[in-house]
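Residue numbers (the working numbering), protein chains in the order written: chain A, 1 to 340; chain B, 1 to 467.
Please note that a few of the clues may not be correct.
Per the computed footprint, the stretches of chain B lying under chain A, defined by three or more beta-carbons under 8 angstroms from a beta-carbon of chain A, are [to be verified]:
#1 182 to 191
#2 224 to 230
#3 267 to 278
#4 406 to 412
#5 431 to 443
Mimicking DSBU-like on lysine-lysine, the simulated pairs with C-alpha atoms at most 35 angstroms apart in a straight line are [to be verified]:
#6 LYS270/A x LYS18/B
#7 LYS274/A x LYS25/B
#8 LYS305/A x LYS292/A
#9 LYS305/A x LYS127/A
#10 LYS21/B x LYS305/A
#11 LYS394/B x LYS300/B
#12 LYS58/B x LYS305/A
#13 LYS300/B x LYS278/A
#14 LYS248/A x LYS99/A
#15 LYS18/B x LYS278/A
#16 LYS279/A x LYS21/B
#17 LYS58/B x LYS25/B
#18 LYS448/B x LYS99/A
For the record, the hints were derived by calculation from the structure and aren't laboratory data.
Note that the structure is a prediction, hence the values are computed from the model and not measured.
We put the CB at the ideal spot given by N, CA and C, even for glycine.
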Amino acid sequence: MPTEKTSQTADAVAHVWSDPPDLSPDQDLAALREMLRIRRFEEKAGQLYGMGFIGGFCHLYIGQEAVVVGLQISAKAGDQVITTYRDHGHMLAAGMDPKGVMAELTGRAAGYSKGKGGSMHMFSAEKGFYGGHGIVGASVPVGAGLAFSNLYRGNDNVCFCYFGDGAANQGQVYETFNMAELWNLPIIFVIENNKYAMGTSIERSSATTNLSNRGASFAIPGQQVDGMDVRAVKAAGQSAVEAARAGKGPYILEMITYRYRGHSMSDPAKYRTKEEVKKVRDDHDPIAQVRKRLLVGGMSEDELKQIDRDIRSEINAAAEFAQNAPEPETNQLLTDVLAG
Amino acid sequence: MPSEILMPALSPTMEEGKLAKWLVKEGDAVAPGDIIAEIETDKATMDVEAVDEGTITKLLVAEGSANIAVNTPIALIAGDDLAATPNAVLPDPEARQEPKAKPGPAVKQADEMPSEKPHPAIGLSSGDALGSINTDLSGVEVIETTMREALRDAMAQEMRRDADVFLMGEEVAQYQGAYKVSQGLLEEFGDRRVIDTPITEQGFAGIGVGAALAGLKPIVEFMTWNFAMQAIDQIINSAAKTRYMSGGQMHAPIVFRGPNGAASRVGAQHSQCYSAWYAHVPGLKVVAPSTPADAKGLLKSAIRDPNPVVFLENELLYGIAGPVPQVDEWLVPIGKARIARAGSDVTIVSFLRGMTYALEAADRLAEDGIASEVIDLRTLRPLDLETILTSVSKTNRLVVVEEAWPVCSVGSEICAQVSMQAFDDLDAPPRKVSGVDVPMPYAANLEKLALPSADDVVAAAKAVLYL
Ligand SMILES: Cc1ncc(C[n+]2csc(CCOP(=O)(O)OP(=O)(O)O)c2C)c(N)n1
Ligand SMILES: [Mg+2]
Numbered sequence: 001m002p003t004e005k006t007s008q009t010a011d012a013v014a015h016v017w018s019d020p021p022d023l024s025p026d027q028d029l030a031a032l033r034e035m036l037r038i039r040r041f042e043e044k045a046g047q048l049y050g051m052g053f054i055g056g057f058c059h060l061y062i063g064q065e066a067v068v069v070g071l072q073i074s075a076k077a078g079d080q081v082i083t084t085y086r087d088h089g090h091m092l093a094a095g096m097d098p099k100g101v102m103a104e105l106t107g108r109a110a111g112y113s114k115g116k117g118g119s120m121h122m123f124s125a126e127k128g129f130y131g132g133h134g135i136v137g138a139s140v141p142v143g144a145g146l147a148f149s150n151l152y153r154g155n156d157n158v159c160f161c162y163f164g165d166g167a168a169n170q171g172q173v174y175e176t177f178n179m180a181e182l183w184n185l186p187i188i189f190v191i192e193n194n195k196y197a198m199g200t201s202i203e204r205s206s207a208t209t210n211l212s213n214r215g216a217s218f219a220i221p222g223q224q225v226d227g228m229d230v231r232a233v234k235a236a237g238q239s240a241v242e243a244a245r246a247g248k249g250p251y252i253l254e255m256i257t258y259r260y261r262g263h264s265m266s267d268p269a270k271y272r273t274k275e276e277v278k279k280v281r282d283d284h285d286p287i288a289q290v291r292k293r294l295l296v297g298g299m300s301e302d303e304l305k306q307i308d309r310d311i312r313s314e315i316n317a318a319a320e321f322a323q324n325a326p327e328p329e330t331n332q333l334l335t336d337v338l339a340g
Numbered sequence: 001m002p003s004e005i006l007m008p009a010l011s012p013t014m015e016e017g018k019l020a021k022w023l024v025k026e027g028d029a030v031a032p033g034d035i036i037a038e039i040e041t042d043k044a045t046m047d048v049e050a051v052d053e054g055t056i057t058k059l060l061v062a063e064g065s066a067n068i069a070v071n072t073p074i075a076l077i078a079g080d081d082l083a084a085t086p087n088a089v090l091p092d093p094e095a096r097q098e099p100k101a102k103p104g105p106a107v108k109q110a111d112e113m114p115s116e117k118p119h120p121a122i123g124l125s126s127g128d129a130l131g132s133i134n135t136d137l138s139g140v141e142v143i144e145t146t147m148r149e150a151l152r153d154a155m156a157q158e159m160r161r162d163a164d165v166f167l168m169g170e171e172v173a174q175y176q177g178a179y180k181v182s183q184g185l186l187e188e189f190g191d192r193r194v195i196d197t198p199i200t201e202q203g204f205a206g207i208g209v210g211a212a213l214a215g216l217k218p219i220v221e222f223m224t225w226n227f228a229m230q231a232i233d234q235i236i237n238s239a240a241k242t243r244y245m246s247g248g249q250m251h252a253p254i255v256f257r258g259p260n261g262a263a264s265r266v267g268a269q270h271s272q273c274y275s276a277w278y279a280h281v282p283g284l285k286v287v288a289p290s291t292p293a294d295a296k297g298l299l300k301s302a303i304r305d306p307n308p309v310v311f312l313e314n315e316l317l318y319g320i321a322g323p324v325p326q327v328d329e330w331l332v333p334i335g336k337a338r339i340a341r342a343g344s345d346v347t348i349v350s351f352l353r354g355m356t357y358a359l360e361a362a363d364r365l366a367e368d369g370i371a372s373e374v375i376d377l378r379t380l381r382p383l384d385l386e387t388i389l390t391s392v393s394k395t396n397r398l399v400v401v402e403e404a405w406p407v408c409s410v411g412s413e414i415c416a417q418v419s420m421q422a423f424d425d426l427d428a429p430p431r432k433v434s435g436v437d438v439p440m441p442y443a444a445n446l447e448k449l450a451l452p453s454a455d456d457v458v459a460a461a462k463a464v465l466y467l
């Protein structure tokens, strides 16, 4: 199990953990596929944004793929996922169709929200994905409400509630922590600490920077996890999820991770150096780590390339679909405001 | 078959940029995610990453070339067999953002802003009683200034004048403002007076109120007013009501400011007009300027005002330029509307971005021989009903234009007041042109339909004229 380390160092993710247990080769391979799908999807989304097919804000998940992929390994049918606007990876990992996600990004009727929601506001009732939320912090109590429904119904499902290091300072997060522990809600608070909230580093916004300790005054246990290593994420996620399913209440997983791209699409990125970004990419890339293990385990470079090739044709097909799908009918403007 | 790598846009409003540097040369193999070039706009530099795997066969644009239009092919890449086709597909022109009306993501530079037609010079009405302040613009030196700069200049001048004024908000200091409104303020005033906050709106709005009750004069910037919903309790319960609750003993001289209303394609949670929400509240003043001159003069007045002032800006107006008088004390009084265009046939009342539609409609109505009187409210609370009633007594027709939802809106209030106070002056029932009564959709076609347009204003004006 990852052991906690307290002090932050200059290298954004240079935390020292004891080696996490290995994944089986099959699990590694599955994780590689999932992470590659997310990365290729995001690269394509960035490209479509540059071509004008996607408007408004578009927050890419590149660099953070191991977090959601490692946690989804412990998810089961009926569990819920809720996150912020940096949501494309979570949707793909939750099993949503890249065509439907990409078509929402281009604002087309075939998108998951019929083109009405956009990049930041997408949902799938079928896959238990509850958004896609644009207001920093606001999705955290909503996630606790999803967990509450599991407790109320007496099932053993859990809610995976993702939010950022910046969001972790919002007041409603602490109101939620208190009630989650008070009522023993089956929720995993996943703080994706990518070190920055827009242009503000965690050191400049937070009086204490070990976010896994943020539940301490409510007696919610937590730990920091190397969020660039899918093995560490899986191991930490599994024990937290098992405990929550067994009725032991909430848990905080602080995932130390990093976003390679800007906050949204046009971010001058003057708040960090190119060297910092490069170092993380070179030394900690979540996909490169798995790839290396698979090569050592006997897979060939050609086999790995073929996987990438297959994923890219899937993503290219999704992009083509999303570029050519029709916009919503204009009568859609007035529908879906009220239920019933 | 080689495919083309195209010049990307860094924001929907970017039309061209400079290829600052190639990080690959012809013959290099690249993989997805590799940085192949750096491109530059005036203020930002950005990396271009390869999306496909393959070999760069040709660099089509020389390093250092400027003014390269978005979507120009900049290099050729010979894929292995998986080179992506969509890379070479040119965007469907319908889907391409029209730079004019479409703003970009959080970080935008003045040079990338839509170059909308500057608003007409501030036609100060006779009702504009500015007291001792010089209101006659003839002979006064004016400088073309963007809304963004005008707001910054107002804050800087007031901070120079009064050491108790300080600015606080998310990304206002080191980042120079999410929309670059506070550019240069950290350098001039230091981090004691230009303060980056965590993302904790309720907390820092409340801290602002407390500091104001203790006599300081905070300017609290909300990255957008959408996020001030986290803080609305502090604005209303702590800032607006304290003077009354304390029997006049204490009050909060604080300005809450930031962009309000629809931006472009940012969806339901980021596109909402709060005019009616705050105009409803006794104890607040609410200001909503549409020109750089008004923005500067009103922000200076707001900072000096002893009351809490809600100052509503609009992201899509930050880049518009207009003449701003270079007089020492350019103060525009809170509570006074402005006649933006005089006319006798129909009164069109609007504010903030609604003025864009109102003025465009007035131009088009003029082509049909209809003379509109366009009133820019500038302040929503207290409302300058006198200017509206005077105009309606002349035109006998009223159209109100706003981007907000129609139910219980500022437009509703104006129609109600005019109907109650000047029923006999009206030759037709007043008309409202508002946003459609739905959350803002993301899809380009639906978003357009959800917002008012100059066409809607023209139609409403003709309707009240029975044309
Ligand atoms: C209540 C609220 N305040 C401000 C914003 C603007 N905003 C959007 S994302 C963001 C930064 C959030 O950073 P973090 O929580 O670390 O998540 P990350 O973007 O790194 O994934 C800010 C300030 C918002 N959307 N909602
Ligand atoms: Mg972050």
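_Of all the hints numbered above, which does this structure not satisfy? Sort the numbers upward._
Violated: hints 1, 4, 13 and 14.
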